[in-house]
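Could you build all of it, start to finish, from the sequences and the hints given here?
Numbers 0 to 259, taken from numbering that gives the first Met the number 0, label the letters of the sequence shown in order.
What the hints contain is simulated information worked out from the structure, not anything from laboratory work. In this text the structure is predicted, and so the values were computed from the model without any measurement. Check before you lean on any hint, since a few could be wrong.
Straight-line distance between alpha carbons at most 25 Å, and here's what the computed SDA-like set of lysine to any residue pairs gives [stated by the list, open to error]:
no., residue 1, residue 2
1, Lys144, Glu88
2, Lys97, Lys128
3, Lys144, Leu85
What follows is a list of derived Cβ distance ranges for each label pair [said to hold, decoys possible]:
no., residue 1, residue 2, range
4, Ala87, Gly117, 43 to 49 Å
5, Ser197, Gln217, 17 to 23 Å
6, Ser28, Arg114, 42 to 48 Å
7, Trp145, Asp101, 23 to 29 Å
8, Ala29, Val193, 30 to 36 Å
Glycine included, every Cβ here is placed at the ideal spot set by N, Cα and C.
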Amino acid sequence: MRYETSRWALCLLTLILWLTTLGSVQAASAARENVANLVRSLGYGAGIHNFKNFVLRGRDDYYNAAKKDFDIALDSLNQLKKSPELTAEDQTAVVAIKAMIDEYNRGLDRVISLRNKGWRLGDVDRSVKVDDTEAIAALAQLRKKWKWSDLEQIEYHLGYGMGIHNFKNYLLRQEERYHTLALENFLAVESILVNQYSNTRLDSAQRTALDKISRVSQSYRNYLALIERFHAQQHPVRKIDLAVKINDRPALEGLAVLLP
Numbered sequence: 000m001r002y003e004t005s006r007w008a009l010c011l012l013t014l015i016l017w018l019t020t021l022g023s024v025q026a027a028s029a030a031r032e033n034v035a036n037l038v039r040s041l042g043y044g045a046g047i048h049n050f051k052n053f054v055l056r057g058r059d060d061y062y063n064a065a066k067k068d069f070d071i072a073l074d075s076l077n078q079l080k081k082s083p084e085l086t087a088e089d090q091t092a093v094v095a096i097k098a099m100i101d102e103y104n105r106g107l108d109r110v111i112s113l114r115n116k117g118w119r120l121g122d123v124d125r126s127v128k129v130d131d132t133e134a135i136a137a138l139a140q141l142r143k144k145w146k147w148s149d150l151e152q153i154e155y156h157l158g159y160g161m162g163i164h165n166f167k168n169y170l171l172r173q174e175e176r177y178h179t180l181a182l183e184n185f186l187a188v189e190s191i192l193v194n195q196y197s198n199t200r201l202d203s204a205q206r207t208a209l210d211k212i213s214r215v216s217q218s219y220r221n222y223l224a225l226i227e228r229f230h231a232q233q234h235p236v237r238k239i240d241l242a243v244k245i246n247d248r249p250a251l252e253g254l255a256v257l258l259p
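Below, the structure written as structure tokens:
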């Protein structure tokens, strides 16, 4: 009888340990997914991209898209705050990213007010400029807990604090550091794509998706030189923006295929 009791106790303990381990794995998986969603909602074709386009072009669709993207990002942050996976340092990173999003949300409404007052584009941009340094480091802090696939790295290098973000800042502000950072990230994307093309298991749809991303990334990289030349010729930023406007839909469709 004692043997049977001990055996059942051991089985119960094993079950408890298994459920605890399963819960920890699920929590880690959920946290990782929230960080991935954060990168997506803040980055390429989303929050920061739409914010910069709203500053440049003033169209309502960019405003509405940016607001929606930032709401999604805030939801991901709220989920992350509850995660047992996060350290105190990670929680500090969450706070920094939320503060950045709050600034951009206020900036969206300020852009409307300043445009209605007839402010020049450069003055509007300076008025809503956000120091992203802390939030960029905070996002890197959250990402370092996990390994990321090449395709996830492409999305990251195109997004917030990276390729597109610095491309738009270079267009708006003419500062060489933005040119350098944008170029570094587009080259990183193209390097990763080279590795992906060597994967013999890719099907035709996946190769087509890579082609789309590659063409758009190369277009952005090539347009950096055009922006530089137009700035030197003192063309207005709005005119330069029209000259270097790129259709992002193919690359976003490609990412959707590769990162469903």
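Let me make sure I understand: some of the numbered hints might not hold for this structure. Which ones are they, in numerical order?
Violated: none.
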